[in-house]
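> Let's have the full structure, built from the sequences with the hints guiding it.
In case you want the letters, here they are:
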Amino acid sequence: MKFRANQVHYHMMLLPGLLLLVVFSIIPMAGIVMAFQDFKIGLGIWRSPWIGLQNFKYLFELSDSRVIFYNTIFIAVFKIIGNLFVPLTFAILLNELRGRIFKRFVQTVVYLPHFLSWVILSGIIVEMTTTDGLVNQVVKAFGGEPIIFLASNQWFPFILISSDVWKEFGFGTIIYLAALTGINPALYEAAVIDGASRPQQIRYITLPLLVPTFILLATLSIGNVLNAGFDQVFNLYNPLVYESGDIIDTYVYRAGLINAQFGLATAVGLMKSVISFLLIIVSYTLASRFANYRIF
Amino acid sequence: MRKRKMLAGVIALTLVLSACAKNEGNEGKASNSGASPTASQSAEGTASASKASEENPFKMAEPVEISIIKSVVPDLQLPAGESIENNHYADYIAEKTNIRFKVLWYATGDDYTQKQKLAIASNDLPDIMTVDETTFRSLVEGGQVEDLTEYYNKYATDKVKEMYGVANNLPLEKATIDGKLYAMPNISVLADSISMAWVRQDWLDKLKLPAPKTVDDIATIAKAFVEQDPDGNNKNDTIGLVGNNVDLYSFAYTGSYDFTGIFHAFDSYPGLWLKDENGKVVYGSTTQETKQTLAKLKEMYNNGLIDKEFMIRKEPSQLVNSGKAGLFFGPWWTPWPLGDSIKVDKTADWKPYLIQDSQGKYNTHMVPPTTQFLVVKKGFKHPEALVKHINFYLSSGTGVSGARDKAEEEQRLDNKLFQHLYPLYTTFDYPDAVARKHDMLKNALDGQIPLEELTPEMKGHYDRWQRDLQNPKAEPGDWSAPYAYLYGGGLLKQKMDKEVYNAFTATTKTMSQKWANLLKMEKEVFFKIIAGNKPVDDFDKFVEDWKKQGGDQIIAEIEAELQK
Numbered sequence: 001m002k003f004r005a006n007q008v009h010y011h012m013m014l015l016p017g018l019l020l021l022v023v024f025s026i027i028p029m030a031g032i033v034m035a036f037q038d039f040k041i042g043l044g045i046w047r048s049p050w051i052g053l054q055n056f057k058y059l060f061e062l063s064d065s066r067v068i069f070y071n072t073i074f075i076a077v078f079k080i081i082g083n084l085f086v087p088l089t090f091a092i093l094l095n096e097l098r099g100r101i102f103k104r105f106v107q108t109v110v111y112l113p114h115f116l117s118w119v120i121l122s123g124i125i126v127e128m129t130t131t132d133g134l135v136n137q138v139v140k141a142f143g144g145e146p147i148i149f150l151a152s153n154q155w156f157p158f159i160l161i162s163s164d165v166w167k168e169f170g171f172g173t174i175i176y177l178a179a180l181t182g183i184n185p186a187l188y189e190a191a192v193i194d195g196a197s198r199p200q201q202i203r204y205i206t207l208p209l210l211v212p213t214f215i216l217l218a219t220l221s222i223g224n225v226l227n228a229g230f231d232q233v234f235n236l237y238n239p240l241v242y243e244s245g246d247i248i249d250t251y252v253y254r255a256g257l258i259n260a261q262f263g264l265a266t267a268v269g270l271m272k273s274v275i276s277f278l279l280i281i282v283s284y285t286l287a288s289r290f291a292n293y294r295i296f
Numbered sequence: 001m002r003k004r005k006m007l008a009g010v011i012a013l014t015l016v017l018s019a020c021a022k023n024e025g026n027e028g029k030a031s032n033s034g035a036s037p038t039a040s041q042s043a044e045g046t047a048s049a050s051k052a053s054e055e056n057p058f059k060m061a062e063p064v065e066i067s068i069i070k071s072v073v074p075d076l077q078l079p080a081g082e083s084i085e086n087n088h089y090a091d092y093i094a095e096k097t098n099i100r101f102k103v104l105w106y107a108t109g110d111d112y113t114q115k116q117k118l119a120i121a122s123n124d125l126p127d128i129m130t131v132d133e134t135t136f137r138s139l140v141e142g143g144q145v146e147d148l149t150e151y152y153n154k155y156a157t158d159k160v161k162e163m164y165g166v167a168n169n170l171p172l173e174k175a176t177i178d179g180k181l182y183a184m185p186n187i188s189v190l191a192d193s194i195s196m197a198w199v200r201q202d203w204l205d206k207l208k209l210p211a212p213k214t215v216d217d218i219a220t221i222a223k224a225f226v227e228q229d230p231d232g233n234n235k236n237d238t239i240g241l242v243g244n245n246v247d248l249y250s251f252a253y254t255g256s257y258d259f260t261g262i263f264h265a266f267d268s269y270p271g272l273w274l275k276d277e278n279g280k281v282v283y284g285s286t287t288q289e290t291k292q293t294l295a296k297l298k299e300m301y302n303n304g305l306i307d308k309e310f311m312i313r314k315e316p317s318q319l320v321n322s323g324k325a326g327l328f329f330g331p332w333w334t335p336w337p338l339g340d341s342i343k344v345d346k347t348a349d350w351k352p353y354l355i356q357d358s359q360g361k362y363n364t365h366m367v368p369p370t371t372q373f374l375v376v377k378k379g380f381k382h383p384e385a386l387v388k389h390i391n392f393y394l395s396s397g398t399g400v401s402g403a404r405d406k407a408e409e410e411q412r413l414d415n416k417l418f419q420h421l422y423p424l425y426t427t428f429d430y431p432d433a434v435a436r437k438h439d440m441l442k443n444a445l446d447g448q449i450p451l452e453e454l455t456p457e458m459k460g461h462y463d464r465w466q467r468d469l470q471n472p473k474a475e476p477g478d479w480s481a482p483y484a485y486l487y488g489g490g491l492l493k494q495k496m497d498k499e500v501y502n503a504f505t506a507t508t509k510t511m512s513q514k515w516a517n518l519l520k521m522e523k524e525v526f527f528k529i530i531a532g533n534k535p536v537d538d539f540d541k542f543v544e545d546w547k548k549q550g551g552d553q554i555i556a557e558i559e560a561e562l563q564k
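Quick mapping for you: the protein sequence lines, in order, are chains A and B. Every letter in the first sequence is one number past the one before it in full-length UniProt numbering, and letter 50, counting from 1, is 50. Every letter in the second sequence is one number past the one before it in full-length UniProt numbering, and letter 459, counting from 1, is 459.
Derived from the structure by calculation, the hints contain no laboratory data. Don't take each hint at face value.
Cross-link-like lysine to aspartate or glutamate pairs, in silico, DMTMM-like; alpha carbons within 25 Å at most [what the hints assert, rightly or not]: (1) B:K308 to B:E384; (2) B:K377 to A:D38; (3) B:K235 to A:E145; (4) B:K547 to A:E96; (5) B:K548 to A:D38; (6) B:K509 to A:D64; (7) B:K154 to B:E62; (8) B:K308 to A:D38; (9) B:K541 to A:D64; (10) B:K416 to B:D468; (11) B:K343 to A:E127.
Quick look at the structure:
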């Protein structure tokens with residue numbers, strides 16, 4: 001690329017953003033060295049003893065590591081799947097609606113939970129799932145025994161996944177709806193003339209034309225395979241469901257902030273970042289190949 | 001989280017209270033010894049008139065400047081023209097001790113902690129600062145702080161030595177490494193360790209139940225509270241013993257809504273490092289007594305005597321305040337949070353009880369005798385200034401020339417700002433300060449001591465209680481504090497038969513790597529034994545795993561540390 005004098009001001013405009021990135025994202029990366037140290041606050045980064053890969057070794061020896069990684073991936077993968085298919089279905093259904101005002105209304109309402117924090121939502125979920133809560137009222141009405149959902153290892157991941165999908169599907173719906181408006185109406189008109197029913201229109205026009213968007217979203221979400229959602233789990237879990245609900249982020253939180261095991265916490269965090277980084281590269285390559293998505 | 005915030009608030013509160021206790025000691029002592037204020041004032045006059053000599057335990061011969069850092073509250077209101085560094089407290093201290101504190105920087109709450117950690121990490125230390133035990137030990141290890149042994153021996157006053165003595169010199173032991181004293185440790189108020197059962201007395205009376213003494217009584221009461229409709233609304237909506245979703249027990253400052261009191265009644269001290277009869281270190285959560293407690297808790301849970309959903313209760317206080325629960329464990333200061341309960345229901349009559357073990361003995365763990373360590377930066381020229389500063393800080397009531405004088409301070413200092421502006425402020429009080437304050441308030445209410453002898457703080461509580469007596473429970477603010485001192489504080493008069501201190505309160509090398517995992521394992525197993533379907537005998541497997549996964553190694557390290 002050739003340097004052009006008349007572009008200098010564009011580069012100047014980039015500066016503040018770059019500066020923020022350097023100060024808050026790049027410089028702190030130096031802290032990664034803590035993952036290879038027996039970090040002591042009193043000694044600091046400069047004088048804490050180096051212990052090589054011992055933190056990582058310990059991490060793999062932990063009987064818990066398997067559980068934590070399994071939980072993280074299990075929860076994250078099902079959240080990704082849910083967040084791909086539910087909005088897709090919902091967007092198609094919504095698109096079939098005739099009443100414009102009602103459509104907009106529904107669209108806005110399902111979008112709202114996206115803006116609520118898990119601190120608030122978790123309170124609502126806890127209330128709903130207590131033994132006197134709404135859900136258990138229904139269970140009791142059908143003659144079942146009330147279940148403490150949040151203390152049950154069978155139910156806990158399901159609650160995490162379903163509540164996350166419920167919270168986020170409105171957001172995904174908007175992306176699909178945007179893609180739907182981009183479909184040329186002439187295609188539908190032609191199909192109608194050929195005698196296609198509405199299900200057939202969906203099957204042969206809507207779905208195929210949504211595939212690129214779907215692939216794009218799917219590949220981009222691969223980078224999230226290790227993000228099972230700290231806020232949500234942290235606000236909902238308890239020691240009884242560590243077995244099915246403890247994820248990497250909550251573990252790092254407990255190790256690092258509560259027990260001051262900065263070295264170990266950094267090691268776990270670093271490993272997560274490295275894996276996520278690799279996954280992002282993979283997903284970007286896939287996205288550019290299959291969905292023609294390019295950043296540069 | 002809320003609970004923790006509240007705890008922090010209350011600790012802050014005790015700090016405030018103990019600040020005021022300084023003056024109280026002064027007054028009591030002064031009147032007992034019969035030293036008239038005029039006498040001590042004139043004595044002081046001569047002291048400041050005479051040339052400050054090397055022997056003066058409170059004053060530096062030459063003015064010195066000491067840099068410190070300061071944690072402040074967010075919306076601190078200072079008198080016009082004053083700052084965190086330059087204010088009437090600073091002037092007063094400088095005049096009395098010849099020490100001028102220079103505040104390098106100040107910050108609030110977590111920011112302060114973060115900044116301090118950074119400062120330590122980059123070895124950019126103030127001349128004197130306050131740190132916790134783990135930081136203290138690593139500072140000593142890093143050779144960043146001065147050895148204070150000779151300065152303490154040479155300069156500390158009898159009063160300071162007496163106060164450490166009342167605390168059995170335990171704080172000094174904590175601050176001593178390899179026979180050298182590296183810090184002036186604070187003295188904790190021990191009242192915050194004891195876990196009491198707080199019970200709705202009105203419910204007990206209604207169901208004709210006796211006051212609880214043992215764990216079985218607690219079970220009986222819990223059963224009755226669940227089954228016999230104590231609130232009389234003809235609905236099966238009350239629960240027994242309250243628990244919370246984070247901790248089953250506390251091992252330092254006693255929390256609310258946990259089962260600490262029951263553990264203690266089984267002579268079990270989970271979370272603490274104990275020494276057995278052979279001097280071997282044992283982790284309290286791995287003892288047979290702890291197993292027995294878990295078995296009892298499991299039985300109670302299975303019988304519905306403990307809140308079925310305690311493991312998902314983030315805000316157990318809601319159950320208490322809404323009148324759904326009338327039985328839980330908490331510390332002496334519980335009436336503060338109970339203010340909301342009496343606001344909702346004036347008939348709620350909360351009473352605290354201590355629970356005995358099967359031999360009729362009262363056991364408790366104790367908060368560490370010291371939690372704050374005042375350290376002097378390596379290379380600072382006047383380490384004795386710290387000792388003199390503390391001499392002066394604790395000198396009220398001694399009547400020695402140059403000591404703090406209550407009458408003068410009342411005139412010159414704004415008492416409300418004491419813990420905000422007094423340099424290097426920390427809890428430095430008799431370990432039994434709360435019981436002492438209980439006595440003072442009680443005696444004043446019984447008319448045994450004249451009101452003039454009350455400290456400003458206790459006079460405030462006295463007035464509040466008078467207002468509350470006229471219009472009972474109308475204003476939670478009038479009820480909480482005096483009630484806490486009269487009832488919670490009163491119970492602290494009970495002599496504990498067994499007081500268990502944590503044998504080790506810092507962190508070892510292996511702990512810093514493996515503790516999170518061990519703690520997680522413990523929590524998971526304990527919660528599952530009580531409320532899940534793990535059999536009690538899985539406890540033995542837990543102990544084995546715990547030892548294998550680093551516990552044994554940590555114990556060896558702790559024993560080595562304790563040898564030092």
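> The structure should be examined with respect to each hint, and the outcome stated for every one.
Now for the hints, and whether the structure bears them out:
no.	hint	verdict
1	B:K308 to B:E384	violated, 58 Å
2	B:K377 to A:D38	holds, 24 Å
3	B:K235 to A:E145	holds, 19 Å
4	B:K547 to A:E96	violated, 63 Å
5	B:K548 to A:D38	holds, 21 Å
6	B:K509 to A:D64	holds, 20 Å
7	B:K154 to B:E62	holds, 18 Å
8	B:K308 to A:D38	violated, 42 Å
9	B:K541 to A:D64	holds, 16 Å
10	B:K416 to B:D468	holds, 23 Å
11	B:K343 to A:E127	holds, 24 Å
Going down the numbered hints, you'll see the structure goes against 1, 4 and 8, while the others check out.
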